[in-house]
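Asker: Protein chains in written order, with our numbering: chain A, 639 to 982; chain B, 856 to 1237.
Just so you know, the hints here were simulated from the structure itself, not pulled from any lab data.
Because the structure is a prediction, the values reported are computed rather than measured.
Don't take each hint at face value.
To be verified - Partner residues are not named here, just some residues of chain A that face chain B (Cβ under 10 Å, in silico):
hint, residue
1, GLN863
2, VAL870
3, GLN873
4, LEU874
5, GLU879
6, MET880
7, SER884
8, ILE892
9, ALA893
10, GLY897
11, GLN899
Ideal placement from N, C-alpha and C gives every residue a C-beta, glycine not left out.
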Amino acid sequence: MNELSQLIEESATRLFEGFATEKSYQTMESGQFPTASWQDFVSDGWLRTALTEEQGGAGLGLAGSFILMRLAGYHAVPLPIAESLIATYLAASSGVDIEDELLVPAIVSQPFESSADLVLSNVPWARHAAGVLVVFQRANQLHTVIIKQADLSISIHHNMAGEARDEITIKPKQLEVSNQLNGVTIEQINSWLALSRAAQISGALHKVLQRTVDYANERSQFGRQIGKFQAVQQQLAVQAEMTSASICAVDAAIAHLGGEQEWELIACAKITCSEAAGYAAKTAHAVHAAIGFTQEYPLQLSTRRLWSWRDEYGNEAHWSAKLGRHCLQLGNDDLWSWLTTQTT
Amino acid sequence: MQQLNFEPVLTAEKEEALREQVRDFLQQYGPFKPGNMIDSWSVCDPEFSRSLAKHGWLGMTWPSEYGGGDKSYLERYVVIEELLAAGAPVGAHWVADRQSGPLLLKFGTQEQREYFLPKIVNGECFFAIGMSEPNSGSDLASIKTHAERVEGGWLVNGSKIWTSWAHACHQMITLCRTAPASENRHAGLSQFIVDLKAEGLTIRPIVTLAGEKHFNEIFFDNVFVPDNRVVGKLNDGWNQVMAELAFERSGPERFLSSYQLLEAAIQVLREAELAQQAETVIGQYVARLMVLRQMSLSVANQLQQGKLPVNEASVVKDLGTSFEQELPEAMRLILAIEPRPSAEHGVERLLSDAILKAPSFSLRGGTREILRGIIARGLGLR
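Chain B on its own, in the form it takes in the complex (with noise of 0.2 Å):
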C-alpha cells in the first residue's frame, strides 16, 4: 500500500505580499458580476485574462525564458486562490495556464515552447482540452477521433465533445489515436496542437442546463495538422495525458467553484435569529474548506519539489468536488430560502446557481468513480 503524503506547508512572507497585491487588485476589478460567481473558473472574459497578464499572473511558474515569472507554486496557488474565492471571471486562460502551458514545459519541443509559452503569458493565446469524445467520456482509451500519416504532417477525422469555450479559444490539445488499438489500450494514442481556425474544423455550442454557453461539440473532417504540432513522443499520449493530471486536478478550483454561497450564508445567518444548528453546519463545512487548503497546498508544494502526486491529486479532487456539491444542499437547509435563478443578486440567486452547476463539478476532469478507481491502485487493491 502506497502511502497518501500530504505534509503540511506553511506559506511564507513572499506568499502572503503577493497576496496583498492580489486583493488590492480586486478591491480595483471587483466586485465581480453576481451571476457569474458560481464557478467563475467557467467564466471567460479575455479582457480580464489579459489584466492579470500585466500583472504577471498567468505562466507564474514557468521560466522567464519563455515570459514566465519563474515563480514558486506556491505563489501561483495564493494568486489562483484569491481570485476563486473573489470569484473573478478566470475561464480564459485557465486551462493554457494549468495544464497546458505545463504539458509543453515538459514534453514540447523547443519550437513550441518559444512559439506558444509567451502568448499564453500575455494573455493572447487560450487552449481547450480536446479529450472527450461522444461514445468516449470516462473511459477516455476509447477514442475514435484520428489522425493519419500525410506529407508534412496528419489528417485529423472525428469528434470532440463537451470542449469548453472552444468558441473562444485558440488553440486546442486534442488526443487522437495514431496507431490501431492493440491488446494495450493505452498505447497507440497521440497529442497534437490544433488550431482550432483551421480549415475543416467545426464548433458546434451545446447549452448547460443552467443555460450557459461554454461547451462545445467539435467535428474534424480532414484536418491538417502540420508535424511541428505533435506533441511529445509519437504513440506516447496516454501518459502525458496523466502527467497533465496532477496539475488538472488538484488545485484550489476544485473546492471552491461553490465558494461564494458559503459566503453570503454566512452574511445572512449573521443578522437572523440563529439556531444551534446552523453554527454546526458551517463549522462542519469550514473545517472542510480549511483542511482542504491544508491538502492542496501541500500538493502545490509537491509539485514545487518536481514530484507527480497523481494519487493525491485524486484525494483532492474526490474530497474537494464532494464539498464544493454538498454545500448548496447543506446551505438549503440552514437558510430556509428558496433558490431564485431571475433575483439579480443575493444568496436566492448563488444558490441557485450552485445547485444548477453543481452536477458537473465531479464530472469534469475525471468522474468521481475514476478517481477512487486510481485512488484503489494506489492502494494496492487493483
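Extracted from the complex, chain A is given alone in its bound form (with noise of 0.2 Å):
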C-alpha cells in the first residue's frame, strides 16, 4: 500500500496544491463552484480513479480513491474530491456509462414510502453537480437513480467550512426507472462514506500538526519560541499522538477493504479521527493563540474542516455505539478471537 500511496501523492500533490488558492476558497464559500479547478481535475483523470481499465479508470480502486481523499484532506482541496469518487464508482458499478461530470452520493438508509416526497439532508454538493446519484433499497434489492440537477428541487445550506451540503426533495416517480446495483449493501456503502471523512480528516490532521510545529518553533515569547516550553511540548506530543493513531487506522481500514472486518475497522477509523480532530483542532488554535482565530491565516482552513467531517457520515459516538453492540452480541469468550482475525 505503501507503494500506492507513493504513486497517488506523487502525481496529484502539485495539482492539489494548486486548488488551494484564497481565490478557489472565496468562490466556494460565497456558493459558487470552483469550476477551472474541477475541470482540471477532471481531465487529469482523477475522476475516474476508481474504475477498472474496461470502465475506462486508472484501475487504482476504492484503496487508491481513500488515499487521494486523504491527500485532498491534507490540502484542504475546496472540491467535491470524495464524494465524487465514491458516486462514480457506484454509478459504473450499476452498469451506468461514465461521463466526465460530477455525480455525488445521496444515500436512502430507510425505508420509505413510495407515494411521499423523499428529503434527503445533507447532500454534498448537490447544487453544484451534474446530477444526484440515489441509492435506495426496494424489494430487497439495490438500486441507484441519476437525478439530473435541473430535476431536483434544491435547498442551499453548507457545513461549518462552507461546504454545500443541501437538501434535496424527490419525488417518487423520479426513482421508478433504475439500475441494479449488485454486490454491496447500504451499510457497506455508509461506511465507504464515513471512511472517505476519516481518510479526509486524517490528511487535515497531519497538515494542522506540521503547521502548529512549525508555528510552535517560530512564535518567541518570554525570549524563546514557545515549542521550547515543556507545557506546549508535552500537548503537541499528544496531537502527534493522535494523528498518527488517526493514519494508522485509516490505512488499516484501507488494507482491509473487501476483508472479513470492513465496516469495524471502518468504524475504528472514524472513532479515532473524529476523537483526534477534536483535540488537534483545540491544541493548535491554543497554541497559535490569536493568529489562528482569524480568516486571513489558513489554520482554519483545516480546522473548519475537522470540526465538520468529524460528525459527517457518522460520529465517534455513532460508530462506537455500532460497535459496542457487535462487540457484547458476540458468544462468551469470543471477544479476543474476534479482536485477533482482522490482521488476518
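Please dock the two separately framed chains into a single complex, following the hints provided.
Answerer: This is the structure:
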C-alpha cells in the first residue's frame, strides 16, 4: 500500500496545491463552484480513480480513492473529491456509462413510502452537481438512479467549512426507472462514506500538526520559542500521537477493504479520526493563539473542516455504539478471537 | 519534523497457525489464577516459563546457533499477545526474552551470547532490569551507582530500586557510572551483567500498594564483576539503553495489562439490561484496542526490518498505557458495581486489581512525561 500511496502523492500533490488558493476558497464559500480547478481534476483523469481499466478508469480501486481523499484533506481542497469518487464508483458499479461530470451520492438508508416525497438532507455539493446518484433499496434489491440537478428541488445549506450540504426533495416517480446495484449493501456504502471522511480528517490532522509545530518553532514569547516550553511540547506530543493513530487506523481500514472485518475497521478509523479532530483543533488553536482565530490565517481552513467532517456520516459516538453493540452480541469468550481476526 | 511511521501489517497463515498452537496450549494450561489476570506479565511463575520454553516460545526471534527459534517478530508478537490476553503468568522470563537477550545479541560478546542465550531460551536464566535508583527515576543519567576498575574486573558500589523479581531472577543488566559525570551527562555510563547471587549484593523486598511482592531494592557493597561481564562498549551504556527501548516500549504488554477486565465487563453487560451508554463506551475502548494492535504490530514489523523505531515505540507506550489505565475508570461507570479485592474471582475482583495496579502502568519503562518529551524531540521541538 505504501507504493500506491507514494504513487498517488507524487502525481496529485502539485495539482492539489494549485487548488488551494484564496480565490478558490472565496469562490466556494460564497456558494459558487471553482469550475476551473474541477476541470483540471477531471481532465487529469482523477475522477475515474476507482474505475477499472475496462470502465475507462485508472484501476486504483477504492483503496487508491481513499488515499487520494486523504491527500485532498491534507491540502483542504475546496472541491467534492471524496463525494465524486464514491458516486462515480457506485454509478459505474450499477452499469452506468461514466461521463466526466460531477455526480454526488445520496443514500436512502431507511425504508420510505413510495407515495410521499422523499427529503434528503446533507447531500454534499448537490447544487453544483450534474446529477445526484440516489442509492435506495426496493424489494431487497439495491438500486441507483441519477437525477439530473435541474430535476431536483434543492434547498441550500453548508457545513462549518462552507462546503455545500444541500437538502434535496425527490418525487417518487423519479425513482421508478432505476439500475440495479449488486455486490454491495447500504451499510457498506455508508461505511465507505464514513471512511472517506476519516481519510480526509487524517490528511487534515497531518497538515494541522505540521503547521502547529512550525508555528511553535517560529513564535517567541518570554525570550524563547514557545515550542521550547514543556507545557506546549507535551500537548503537541499528544496531538502527534493521536494524528499518527488516525493515519494508522485509516491505513488499516484501507488495507482491509473487502476483508472479513471491513466495517469494523472503518468504524475504528472514523472513531479514532473524529476523536483526534477535536483534540487537534483545540490544541492547534491554543498554540496559535489569536492569529489562528483569524480568517486571514490558513489554520481555520483545516480546523473548520475537522469540526465538520468528524460529525459527517456518523460521529465517534454513532460508530462506537455500533461497534460496542456488535461486541456485546458476540458469544462468551469470543471477543479476543474476534479482535484478532482483523489482521488476517 | 520526522514523520511517525505506522504502516499497517497483515499477519499471514504462518502467524495464524502459530496462534492456534498457542490457543491449544492455553486451553490445557488455563484458566489462570483470577487474582493474577490483571498485569499478568508482572506475575512470576518459573514453571510456566519453562513450559513455554519447551514449545520454543522463549527467544523466538533469536538465531538458532544460540538456541533461538529463528522466527520473525510478527510470530513472536502473536505468541505474546495470546499469552497476555489470556492472563498467563509470563513475568519470570519477560525481561530476558524482551530486552536482555536482544541487548546481548546486539552488543554482547560471543562468549556472553553463547553462555546466556541458550539458558534464557530454556527458561533457566531470568534477567532483571538494573536502571532506576532511589534518587534517579526519570533522570536516568544522574545515577550514582558506580563501577571502579580493579584487577580482572570491576567493583560495583551503590544501589538500584524498583527491580521486579530480583529475588527470583539470576542476572541483572546493571547500568553504572564508569567515568565521572562530565558536560555530556550521557557519557561515562556502562552496562554490566551482574550475578544476583554475587557476594556483597543484598536484595530487600518492597511491597506495592496492591500488596504485590515483586519490587526490590538492591544494595551493592564492593560487588566484583569480571571483565567478561561488561556489555558492549565501555562508557557507551546510554546509547545501548536507548536501543533497548524500542523493544521495551512497543509491545502488546503496553496495552493489554487490564484486558481481562474488558472481557469480564462485556460478559456481565451481555446479560444485563443494556444502556446505550454502555454500548458506546465498549465500542470506544474496543476501537482504541484495535488501533493499538495495528500500531504495535507495525512496530514489530519494523523491528523485523532492522529498523529502530524509538519514537513510534514511545507513541505506542503512551497511548497504550493511557488505554489500560483509563479502561477500569470507564468500566466502573457502566458496570455499576463496587470493586472488591476480597472476591476470589469475577468482575469485582478484576476491577479492584486493575484500579490498584494501574498507577504503575504509565511509570514503568519511562513515564508519560518522558515519552512525550521524546516525541516532542522527534517533532523538532527540542
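Asker: For every hint, state whether the structure bears it out.
Answerer: Quick rundown of the hints versus the structure:
Hint on A/GLN863 holds. Least Cβ distance to chain B is approximately 8 Å, under the 10 Å limit. With a least beta-carbon distance of about 8 Å to chain B, the hint placing A/VAL870 at the interface is held under the 10 Å criterion. Because the smallest distance between the Cβ of A/GLN873 and any Cβ of chain B comes to about 9 Å, under 10 Å, the interface hint for this residue holds. The beta carbon of A/LEU874 comes within 6 Å of a beta carbon in chain B, closer than 10 Å, and the hint placing it at the interface holds.
Evaluation of the A/GLU879 hint against chain B yields a held restraint, the C-beta minimum of about 5 Å falling below 10 Å. Contact between A/MET880 and chain B, as hinted, is supported at the beta carbon level, the nearest pair being about 8 Å apart and thus within 10 Å. Proximity of A/SER884 to chain B holds as hinted, the smallest CB-CB distance being about 9 Å (cut-off 10 Å). For A/ILE892, the interface hint holds, the least distance from its beta-carbon to any beta-carbon of chain B being 8 Å, beneath 10 Å.
Because the beta carbon of A/ALA893 sits about 5 Å from the nearest beta carbon in chain B, less than 10 Å, this interface hint is met. A cut of 10 Å between beta carbons decides the hint on A/GLY897: the least distance to chain B is about 9 Å, and the hint holds. Residue-level restraint check for A/GLN899 holds (minimum Cβ-Cβ distance to chain B is 9 Å; threshold 10 Å).
Checked against the numbered hints above, the structure violates none of them.
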